[in-house]
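*Asks:* Generate the whole structure from the sequences, applying the supplied hints.
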Amino acid sequence: MDMKTIVKNENGMALLISIMFLIVLSVLIASLFSSSVYELYSGHRYQDSQASFFTAETGVRMAMNDSAIWGQGAAPELLATTPAGFSNSSFSSVLQEGDTRWKTPAGQSGGYTCKYYIEYLRANGVTHFYRITSEGSNNSGSVRKQIQMVVNSDF
-16 MDMKTIVKNE
-6 NGMALLISIM
4 FLIVLSVLIA
14 SLFSSSVYEL
24 YSGHRYQDSQ
34 ASFFTAETGV
44 RMAMNDSAIW
54 GQGAAPELLA
64 TTPAGFSNSS
74 FSSVLQEGDT
84 RWKTPAGQSG
94 GYTCKYYIEY
104 LRANGVTHFY
114 RITSEGSNNS
124 GSVRKQIQMV
134 VNSDF
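Heads up: the sequence shown runs through residues -16 to 138, numbered per the numbering used here.
All clues given are correct.
The list that follows gives simulated cross-link-like pairs (lysine to aspartate or glutamate, EDC-like), each with its CA atoms no further than 16 Å apart:
1) Lys128 - Glu40
2) Lys128 - Asp31
3) Lys128 - Glu80
Label pairs and their computed distance ranges (CB to CB):
4) Ile0 - Val20: 29 to 35 Å
5) Ala89 - Arg28: 25 to 31 Å
6) Gly124 - Ala89: 14 to 20 Å
7) Arg84 - Ser50: 17 to 23 Å
8) Thr64 - Gly124: 28 to 34 Å
Calculated from the structure, these hints are not laboratory results. Since the model is a prediction, treat every value here as computed from it, not as a measurement. For glycine and all other residues, C-beta sits at the position ideal for the given N, C-alpha and C.
*Replies:* Below you can see the structure in the form of structure tokens.
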């Protein structure tokens, strides 16, 4: 067999090129699939984050309208019994998960829950200052957002 015969023999070359093309195509498809899964996961986490934030904002609104705290005709810190979700003193840090001073309103649905507590800060004459801390989270607890707001009320 001489060298010209070996070079002209192209048997199996089409198969080799096809297999290499399929390997390259498989790598591209795998990377696109991986990228799509990551984007889907990121989008879901973003939705959970936004929904938890708005649930925390709802908790602030619920705290501001809590008749058990504000509807007693007097400043909450002056009541004989301290309402649930209210503290007469400010905390040095945010309450941890499981602390009994959190107030979780009943009747929440939709996969997200909020809880809140209110701290008395100080009074300046008839104006009283309070800090509301609210936390919204998804039911698995994997995404949490907290909001703090200082409000005042005249009594």
